[in-house]
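S.K.: What follows is the residue order along each chain.
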Amino acid sequence: MRGTWTVFKKEFREFFTSPTGYIYLVVFLVLTQWLFFRGFFVIGQASVRGYFSLLPWVFLLFIPAITMRAWAEERRNGTLEILMTLPLRDPEILAGKFLAGFAFVVLSLLLTLTLPISVSLIGNLDWGQVVASYLGALFLAGAYLSIGLFASAISANQIVAFLLGAVFVFFFFLLGMDWVLATFPPGVAAVLQYFGLGYHFESIARGVLDLRDILYYLSVMAVFLYLNLRSMEVWRIGG
Amino acid sequence: MIEVRDLTKAYSTTLAVDHISFTVRKGEVLGFLGPNGAGKTTTLRIITGYLLPDEGTVTVDGYDVLSQPLQVKQRIGYLPEDNPLYLEMKVREYLDFVAEARGLTGARKRDAIDRVLHLTNLEDKYRKTIETLSKGYRQRVGLAQALIHDPPILLLDEPTSGLDPTQIVEIRNLIRELGREKTVMLSTHILPEVQATTSRVIIINRGRIAASGTLDELLQKASEGEVIHLELRNPPQEVEPVLQSQPWIESFHRIAEEDGAYRWTLRGPEGKDIREDLYRLAVEQGWTLRELWRERATLEEVFLNLTTEEATA
Ligand SMILES: Nc1ncnc2c1ncn2[C@@H]1O[C@H](COP(=O)(O)OP(=O)(O)O)[C@@H](O)[C@H]1O
Ligand SMILES: [Mg+2]
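So the sequences go chain by chain: B and L.
The working numbering puts the first residue of the first sequence at 1, with every later residue one more than the last.
The working numbering puts the first residue of the second sequence at 1, with every later residue one more than the last.
Isolated chain B (complex conformation) (with noise of 0.2 Å):
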């Protein structure tokens, strides 16, 4: 617990060191503000559903941008000598790396609170559909950040970091698109659709938080942090 907590300080403050964090968070402010206000215009609906619905699309860029660093950096400035050699347990200091990122994630959707209620002051706003949506962007958000930071532990540098994160969410993603879907026999698409990180942030966009859903994406995380642990043990090994 100290460990997890020492570690996620560290690696909250890092994204606060270099402009790096506050430009990631003015991007991500002004292009989901474009998104939404874009849908507000255009379908002049009091509704947050639009932008929640694309959402996915802005995580794919933003979230493996969080988590680029946070392996591959450590490796290449052999920071993670000390980082490992402290006296610190392996899924420690894991999860203070997963849980600043969420914390960084957390930061950028509190500031975007600004949009549903601005939308309240215009019209009437189904204010439960709106935290339904926020929890489920949350656990999309996880999801996406453990498929990252594992991007991250496998690459060598953040770039290759960054586009190995993105390739990886955009195929969870993909698997759900009902384009995709088509191009497979009915029992196979199934399947793939229940493995879409997409398909399940559909229904939560729409305002409804179902158990499955959850269960989904705590399950994408439990494998991409459990494959990241294994990670550590690779290195210890020499690899």
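Treat the hints loosely; a few may be bogus.
In silico DSS-like cross-links for lysine-lysine, where the CA-CA straight-line distance does not exceed 30 Å [unchecked claim]:
hint: 1; chain 1: L; residue 1: Lys109; chain 2: L; residue 2: Lys182
hint: 2; chain 1: L; residue 1: Lys26; chain 2: L; residue 2: Lys109
hint: 3; chain 1: B; residue 1: Lys9; chain 2: L; residue 2: Lys272
hint: 4; chain 1: L; residue 1: Lys128; chain 2: B; residue 2: Lys9
hint: 5; chain 1: B; residue 1: Lys9; chain 2: L; residue 2: Lys26
Calculated directly from the structure, the hints in this document are not laboratory data.
Starting from the known structure of chain B, fit chain L with the ligands onto it as the hints suggest.
M.R.: Using the frame of chain B, we list chain L with the ligands on its own:
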């Protein structure tokens, strides 16, 4: 304090450490001396729990590094090779992070940070970003990090590499001072470094321990002419009269008996390699030859490969 037994570690293509065993005694300053690629860093990384061994055991203060890595890590302060640092952090933030990761909080943390800042003479660099510091100051930050929890054991991997002569002297003085109360293991490929800092030396070469002792003893040994090691299955009463009667064998000593095999060290005349003669003798006598090798070659070769100049970087 540190017990290394039969330690072996191979990377995909290289055997970096090959069944080495040694002990670091409590309170000593041990020099771990060997040319580049000898396996020093690999050994230290296994002791600190950064790498896992393929075979063998390491215990630190009685704790096994494989089964109780946290206990081991708590007792060790470690300055890795090339002194990796979080360059974007301020000195204060970095020491804060390391102190907390080592379980120090509140007043104990502040005291620990004050103590190492004083010890490493970093008080006025406290608020600086590490990236802006000179190489010498960075080295002190690395040392401060290693000392923050006042560990009984200090492992330093090439602690003066890349420093200028003044900085080297400073760091060595600090190491000598620390050596008064701590067990120190210092790896280096620079001969004068062990002269300046350590009491005992282990020489490692190509993943094997070539010799150990005080540096003077080792230099003496390296210059004494070559020693041939001979191991046979045959008993001394059969072998020794024959060795005695060979004019080209200056002297021999029986040094070990193990599993029914006997080992001798032999000397030939100055400058003559008698290994082939010994082989022919063994064949002639029908002896069962288990091992035949020249010792001085390794030790001398090691010394030849060591850097004897200061501040080459
Ligand atoms: N990560 C690694 N992967 C592959 N080979 C390595 C690795 N690290 C070290 N080696 C090899 O192992 C041997 C020992 O290296 P090292 O322990 O770094 O020696 P030293 O510290 O004495 O210079 C060398 O031949 C080196 O090239
Ligand atoms: Mg080395």
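S.K.: Each hint needs a verdict: does it hold in this structure or not?
M.R.: To see whether the hints hold, each was checked on the structure:
no.: 1; hint: L:Lys109 <-> L:Lys182; in the structure: holds, 21 Å
no.: 2; hint: L:Lys26 <-> L:Lys109; in the structure: holds, 26 Å
no.: 3; hint: B:Lys9 <-> L:Lys272; in the structure: violated, 66 Å
no.: 4; hint: L:Lys128 <-> B:Lys9; in the structure: holds, 19 Å
no.: 5; hint: B:Lys9 <-> L:Lys26; in the structure: violated, 36 Å
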